[in-house]
Amino acid sequence: MTGLTRIAACHAAPEFLSAKKTTAKAVSLIHEAARNNANLVVFPESYIPAFPIWSALRPPSENHELFKRMVAESVYVDGEEIGAIRAIAKHLGVLVSLGFSEKARYSSATLWNSNVLIGTDGEILVHHRKLMPTFYEKLTWAPGDGHGLEVADTPFGKIGALICGENTNPLARYTLAAQGEQIHISSWPPVWPTRMPQEAVTTSDRTAAAAASNGTESGKKDDALSSAAHGANYDNVAANRTRAAAHCFEAKCFGVLCAGVLETDAIEISAIGSSTADVTIRGLQLSSRGATMFLDTTGTLLPGFTIDGETSAREQKDMLQEDEGILYVDVDLGDCVEGKQYHDIAGGYQRLDVFELKVDRTRREPVSFR
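First residue of the sequence shown? That's 92 in our numbering, and the numbers climb one at a time after it.
Hints listed in this document are in silico derivations from the structure and should not be mistaken for laboratory results.
A portion of the hints provided could be inaccurate.
Unchecked claim - Derived lysine-lysine pairs resembling DSS-like cross-links, with alpha carbons at most 30 Å apart:
| id | residue 1 | residue 2 |
| --- | --- | --- |
| 1 | Lys116 | Lys159 |
| 2 | Lys229 | Lys159 |
| 3 | Lys116 | Lys408 |
| 4 | Lys449 | Lys229 |
| 5 | Lys249 | Lys181 |
| 6 | Lys229 | Lys111 |
| 7 | Lys116 | Lys229 |
| 8 | Lys112 | Lys159 |
| 9 | Lys181 | Lys112 |
To be verified - Just the calculated beta-carbon pair ranges, DEER-fashion:
| id | residue 1 | residue 2 | range |
| --- | --- | --- | --- |
| 10 | Ser199 | Arg452 | 20 to 30 Å |
| 11 | Phe460 | Glu214 | 24 to 34 Å |
| 12 | Ile363 | Ser459 | 34 to 44 Å |
Note that the coordinates shown come from a computational prediction; the quantities given were computed from them, not determined experimentally.
Think of the CB as a built atom: it goes at the ideal place given N, C-alpha and C, for glycine as much as any other residue.
Work the whole structure out from these sequences, hints included.
This is the structure:
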C-alpha cells in the first residue's frame, strides 16, 4: 500500500458499568475520529462496560455485587453492542479495535477479557480473548485461547493486538511479529495498582508495611533497594511503554498504546460495599494513571496530535493521560522496512533450523458433541 495511515487512539472513560451508554459513547467517538480522516480507531482494554478496578484494592469476599454487575453489563461478541460498533465501522469505512468484557453463551457467569478488530466492511477480522488474566483480573475473567493470535492484513496495514499484560509474553509477541505485523495495538486499563498507595493508609499501617517490606523494625528504607522493595506502586506509563517499545523495536512495527481514563463515578462505584470505602477511594485516586501514546518502529516515542472539534486546529502532544481525548498520528508503513535489514526476527535474522514455535489457534468449547 502507499500513502499514510491515520490512527486515532481514544483515551476515554466508559460510562462505568453501563454497556448501553458506553456503546453509544464509542459510536460517537468513532464518528468524531472518522470526521478527522482516521483509518483506524482504537479503544482501551475492556472499554465496554468497564475495567474491574475494584478487584485490585478490595478482598474478594466484598466484591460479589460488583461481580454481578460486571456480568450483567458484559456483552456477547454476537450481541447488539458489538453489532452497533460493526455497523458504524461499515457505515464510515473505518477499522475499529475495541476492548470489551465478553460473556459466554454457555455460562451464566464466565467472562473473558476480549478484543475485536473490525474491518471497514463491518466484519470481525480478529476476535481475541486474553490468554491469561493478570493477577487480580483472575477474579473476573477466565483464560482465553490462541484463536485470536492473528494479524489482519487490511488496506491500512497488517494489524495485530494484545491486551495489557500479554505484551509481556515474548511468545505471544513473536507470534504476531511472525505474521508481518506493521501496527501493534496494546490496550491498557486506566489504573493498575499492585499495592495500596502509601498515602491512602494510616501512618501506623505505612510504618508496618515499610518495616515488613524492608525487613527492619523502624521502617527506614535503604535507597539502594529496588522500587518493589520500597513498596512502590505500579508505574503504568513506564511499565506499559517498556513492553510496547520492546515489541516495536523487535518487530519493526508501529505501536499504539491505548489506555482508559479513570473518572469519579468509577471510583465511587468501586467503593460501594467496601468495609474501608475511604481507603479504596483514596487508593484509586492516588494510583498511577495509564497513558495513550504512539511509538515508532524503533520503539521511540512518536508524538501525536489532537484536533480541536470547533476550529480543527492541531496541537502536538506526546501522550494523553489525565484528560479524555483522541490522539492522532499519521504513519508511513514504509518505515517498517529499514530496521529489518538489521534484525528481522521472524525472517532473515531468525534460525528456523534451531528454534520452532507451534501455536494452537483452536477456539475452546466446554464440550464436544458427536
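Which earlier hints can't be squared with this structure? Those not satisfied: there are none.
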